[in-house]
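Participant: Those sequence lines, one after another, are chains A and B.
Under our numbering, think of the first position of the first sequence as 1, with each following residue one higher.
Under our numbering, think of the first position of the second sequence as 280, with each following residue one higher.
Do not take every clue at face value.
Unchecked claim - Here are the simulated BS3-like pairs of lysine-lysine, each with C-alpha atoms no more than 30 Å apart in a straight line:
| hint | chain 1 | residue 1 | chain 2 | residue 2 |
| --- | --- | --- | --- | --- |
| 1 | A | Lys252 | B | Lys652 |
| 2 | A | Lys40 | B | Lys558 |
| 3 | A | Lys167 | B | Lys558 |
| 4 | A | Lys252 | B | Lys460 |
| 5 | B | Lys377 | A | Lys167 |
| 6 | A | Lys252 | B | Lys377 |
| 7 | A | Lys167 | B | Lys478 |
| 8 | B | Lys436 | B | Lys521 |
To be verified - Residues from chain A shown here face chain B by an in silico Cβ test under 7 Å; the list is partial:
| hint | residue |
| --- | --- |
| 9 | Lys167 |
| 10 | Asn177 |
| 11 | Glu179 |
| 12 | Arg251 |
Said to hold, decoys possible - Residues of chain B placed beyond 12 Å of chain A at every Cβ, according to the derived structure:
| hint | residue |
| --- | --- |
| 13 | Asp579 |
| 14 | Arg681 |
| 15 | Met702 |
Just so you know, the hints here were simulated from the structure itself, not pulled from any lab data.
Since the structure is predicted, the reported quantities are computational estimates derived from the model, not experimental observations.
Here a beta-carbon is modelled for each residue, glycine too, at the ideal position from N, C-alpha and C.
Now for the letters of each chain:
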Amino acid sequence: MAENVPSSVEIVGLVTAAGLMAASVGASIGRSWKVSALLKTVAAVCGWFSIIVGGAVLVSHSAGRGGWLPLDDNFDSLGASGLMLATCALYIQAVRPVGGLDWVVLPVAALLLIGAAVFGRTLPHEYGETAWSWTHRLTAYGGALALVIAGAVGALYLLAAHRLRAKGLASGSGFGNLERLETIAQHAMALGWPLFTIGLVTGILWGIHLTSQGQSESREFFGPKVMLAVGVWIVYALALHTPINPSFRGRKAAVLSLIGLVLMAGTLVAVQFMPGGTR
Amino acid sequence: MQRIFLLGLNHTTAPLEVREKVALNSEQALAAVSAFIGKFNNCEIVVLSTCNRLEFYTALPDEAHGDGQQQWVEQVVGFLADFRQVPAEVFAPCLYQKTGEAAAEHLFTVASSLDSMVLGETQILGQVRQAYDASRQVGAAGPVLHPLFQRAMAVGKQVHSQTSLAEGRVSVASVAVDYAKRIFDTFSDKTVLSIGAGKMSLLVLRNLVDLKPKRLLICNRDHGKAATLAEQFDGEAVDLEKLADHLVSADIVVSGTGSEQALITRAMFEGVMRRRRYKPVFLIDIALPRDVEPSVGEADNVYLYNLDDLQKTAEASREQRGEATEAAGLIVAEHVRQFTAAERVRRLGPTIDRLYRRYHAWAQEELERAMPKLTNISANEKEQLQELVRRLVNKVLHDPVRTLRQSDALHGPTAQYIHAMEMLFQLKEEEGQKD
């Protein structure tokens with residue numbers, strides 16, 4: 001694998017992608033003052049275009065150095081981290097908008113792209129592993145926390161719905177109304193799932209990287225931690241996309257989020273107590 | 280002589296499924312009263328039919344005890360079964376019967392809303408008045424039921440004005456809004472659909488409108504009425520024929536029609552939910568018979584509440600209003616005592632009247648027989664003799680009459696004393712001669 005510092009074109013490309021992200025954020029913030037279809041279009045176009053530009057730059061750079069694992073390279077690892085964050089944020093805003101999510105996430109993603117541009121030519125490629133491990137930990141645990149909240153709120157939803165069906169208003173539910181609980185659960189999943197996705201992807205890639213360096217064995221990819229994490233990911237992907245299957249909302253979605261919570265608990269146990277789990 | 284007789288069922292003895300089969304709207308109640316007096320030879324009757332009860336107040340002859348009373352019960356049950364085209368065995372097990380003082384106490388308790396599912400509700404008094412007016416309209420109320428219902432309304436008014444029973448009550452409408460708030464977070468993006476224009480449904484609608492929903496749809500068989508209500512509540516009048524379409528957009532549905540058949544069936548609503556993409560919906564069915572098939576409430580994301588559900592929740596506030604309940608109970612008890620005493624006087628009146636008339640007549644007869652034998656008697660002396668005779672008769676009858684008036688308080692049923700008095704003083708013979 002050749003050492004490959006990013007070319008000026010690639011750096012400019014990545015900075016351009018960062019700039020487009022910033023423009024997207026600006027347009028999105030502008031919509032909070034003036035409701036405008038034009039601003040909404042500008043925000044979406046700039047956002048997705050930044051992903052395309054950034055993605056093209058990283059693909060070009062990976063091809064140039066003859067390797068695809070982003071951890072081997074500062075430019076790729078920081079850039080990929082930023083692009084993954086941005087992609088997830090834009091996806092969530094497209095399917096289940098969370099007010100202000102892009103205002104927070106896209107600037108972070110843009111900073112990561114800027115970081116890639118700044119440290120891309122730095123040797124040795126230490127930032128790759130550092131940034132990657134931090135990205136993995138923050139997104140995996142942050143996503144897990146959000147998904148736990150989604151599962152817990154799903155449990156509250158089921159309890160509240162049960163009390164309503166039992167017509168037990170006199171005793172009071174104390175859990176909040178169903179619509180709010182469903183919204184909180186959906187928002188928690190909307191935040192948690194993409195974070196968890198990034199955590200899963202970065203974790204798997206990190207595992208491949210360690211295996212390629214002889215620091216790990218491939219069978220650990222099929223260990224309980226990864227398998228359970230994939231299971232959790234699938235469950236929450238289903239729960240998050242219930243509007244696509246409209247009958248799967250309300251109580252059924254809450255049950256699904258609860259199943260995800262149980263799997264998540266299992267994953268966390270597997271991380272702590274099972275072989276190969278603590279990475 | 281006749282006494283009050285009550286035969287009925289209510290929310291504590293009959294479930295909603297039974298009550299909706301025998302319930303009578305105002306037109307049906309009037310028709311029932313007319314049919315009843317036609318069938319039972321102008322027997323007095325008042326029919327009280329509400330969401331929570333169906334009660335027949337009639338006048339039963341004093342002689343009817345045991346088998347006689349049971350025969351009367353069977354006749355009334357048979358009448359209701361025929362009138363409503365419902366087998367008697369459906370509702371007969373839920374019936375209760377009361378006579379005399381117990382029946383009066385029950386009615387006073389009902390009129391005071393102490394027997395209502397929602398303690399302190401004010402509708403019942405109007406319903407009692409309506410029932411009484413309907414009977415008066417066709418001449419079905421007489422000397423037994425007139426004083427009973429007039430006093431019942433007085434009791435109800437006094438309880439509501441002198442106790443805090445009606446204050447702080449949890450109404451069905453407020454319970455419906457509370458349930459809506461348990462399901463939905465915001466209402467500014469919700470659509471409310473009202474079907475029918477019953478009093479209760481309008482009350483609920485009024486409370487829901489205060490939540491400021493995005494849209495209000497008013498649906499009624501009479502489009503003119505729907506338009507009037509739509510104007511009143513700042514909503515839109517919509518066609519009942521397109522009910523399924525309206526249900527698709529409605530997040531909260533209030534239904535209170537007088538329809539005998541369910542308007543919203545499970546099959547219809549499954550299609551509606553599919554079109555709504557299974558968004559949660561709150562159905563409030565306050566009709567009797569119900570407008571919504573109970574099985575509709577079993578579907579996911581459908582929250583169906585009928586009248587009993589809402590009223591039971593409202594009833595939960597009963598424990599917190601003990602003082603007001605106690606005060607109301609005392610008022611009712613006092614009125615029962617007064618009514619019973621007045622009834623006793625009413626029942627005794629003719630007997631006592633006949634007693635006095637007979638003995639005054641005899642005394643006068645004897646005086647006139649003796650007068651010719653008294654010579655040189657002045658007008659003044661004659662007057663004094665008449666006064667003497669009158670006072671003598673009154674004095675002789677004073678103790679037995681006083682005992683008779685106090686009879687229920689001291690010994691046994693007034694009827695026995697009256698009967699004994701009539702036998703001892705041969706008052707029945709005189710009544711026969713007069714006839």
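Participant: Give a verdict on every hint.
Facilitator: Going down the list of hints, with the structure as the test:
At roughly 111 Å between alpha-carbon atoms, Lys252/A and Lys652/B are farther apart than 30 Å, so this suggested pair is violated. Annotation: proposed proximity of Lys40/A to Lys558/B holds, straight-line Cα distance about 27 Å (limit 30 Å). Under the criterion of a C-alpha separation no larger than 30 Å, the hint pairing Lys167/A with Lys558/B is consistent with the structure, at around 20 Å. Distance restraint check for Lys252/A and Lys460/B: the Cα-Cα separation of roughly 21 Å lies within the 30 Å cut-off, and the hinted pair is therefore satisfied.
For a cut-off of 30 Å, the pair hint linking Lys377/B to Lys167/A is broken: about 33 Å separates their Cα positions. As the CA atoms of Lys252/A and Lys377/B are separated by approximately 52 Å, the hinted pair breaks the 30 Å bound. For the hint linking Lys167/A to Lys478/B, the alpha-carbon distance of about 23 Å falls within 30 Å, and the restraint holds. The hinted pair formed by Lys436/B and Lys521/B fails the criterion: a straight-line CA distance of about 44 Å is larger than 30 Å.
Given hint, Lys167/A at the interface with chain B, holds; its Cβ is 5 Å from that chain's nearest Cβ, closer than 7 Å. The beta carbon of Asn177/A is positioned within 7 Å of a beta carbon in chain B (closest approach about 5 Å), and the interface hint is therefore held. Residue-level restraint check for Glu179/A holds (minimum Cβ-Cβ distance to chain B is 4 Å; threshold 7 Å). At its closest, the beta carbon of Arg251/A sits 5 Å from a beta carbon of chain B; the interface hint therefore holds under the 7 Å criterion.
With a minimum CB-CB distance of about 5 Å to chain A, Asp579/B fails to clear the 12 Å threshold, and the non-interface call is violated. The claim that Arg681/B is not at the interface with chain A holds, since no C-beta of that chain comes within 12 Å of its own (minimum 54 Å). Non-interface status of Met702/B relative to chain A is upheld: no Cβ of that chain comes within 12 Å, the nearest being about 59 Å off.
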